[in-house]
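J.: Sequence:
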Amino acid sequence: MSVTRSAVTGVGSYLPENIVTNDDLSKFVDTTDEWIVERTGIRQRHKAADDQPTSDLAVQAALRALEGGRAHGGGHRPHRRGHHDPRHDLPVGGLHRPAQAGPPVCNAFDIQAVCSGFVYALSVADGFVARGLARCALVIGAEEMTRLMDWTDRSTCVLFGDGAGAVVLEPVEGQGTPADRGVLGFALRCDGNKTDLLYVDGGPASTGTVGHLRMAGNQVFRHAVVNIAEAVTAACEAANIQISDVDWFVPHQANQRIIKGVGDRLGLDEDKVILTVADHANTSAASIPLALDTAVKDGRIKPGDLVLMEAMGGGLTWGAVALRM
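As numbered in the numbering used here, residues 148 to 472 make up the sequence shown, in order.
Honestly, the hints are just simulated from the structure, not real lab data.
Do not rely on the hints blindly, as some may be mistaken.
Below, in silico cross-link-like pairs of lysine-lysine (DSSO-like), each with a Cα-Cα straight-line distance of 27 Å or less [what the hints assert, rightly or not]:
id, residue 1, residue 2
1, Lys407, Lys341
2, Lys407, Lys449
3, Lys407, Lys444
Work the whole structure out from these sequences, hints included.
T.: Next up, the structure:
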């Protein structure tokens, strides 16, 4: 039986030029490179310039993804974005800027699921493309998390960085089996009872300020390892695949200890895990496409490979997706 699936036909990413190392942070935060690396695996992060809005990062990542995809010129190209932009409430996420990467008139909207935003946005775009409602979709994860940091709180400010990643989705015909190219299965989750574990203590409707990110680190760690593993298993079941079938695991780059904990719980071979957290830190919704682009560009992830991706963010939200490149 012939089925239409949405397949990744282009991948791109962008990181701001300014690099902030752990030693740089130690000059004004009570921390050390050794302390950060031991607990997180992070060695540096990128920080956007003061006059560089999140939407500018998104445009650069989108243009690079489009260069690698089949989608050029006209045609209906909806944009799906999963990110948080502290600078813009209207238009949402500064959508006027990412539109520069496509035709002047298209569908464009934000999806706010924090670190899980890329997985959630990918599921929405897949619905459009696989159902024939769009010939192409551009999914962007873009973040400037450093603008939400309390730079006196060493438990959170050392964890995050800025960046953007994007993928192009286009329809492909398959036989309805796990051997098909394209998105094979999703599992999306949310538990609003755990909002106080990871949140921002401000906003237009509460304090009228941007606020700072707050996190109960130990509780988030325990929740992440157990529940992400469950979502990954559910996504594999939806895709009719086994964990052992997976060629590459591209996790949300939150913390190396969390990634290892999830991998161990799932029985994943460490050699199959794509890690960029040391160089990028936690870029929230941008971290999966950034890591994906890194592995595609260096030749590890190849056409036909089975890829598993997962993320967890504030809300709490989390989810996983299985796809064949």
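J.: Output the numbers, in ascending order, of every earlier hint that fails for this structure.
T.: none
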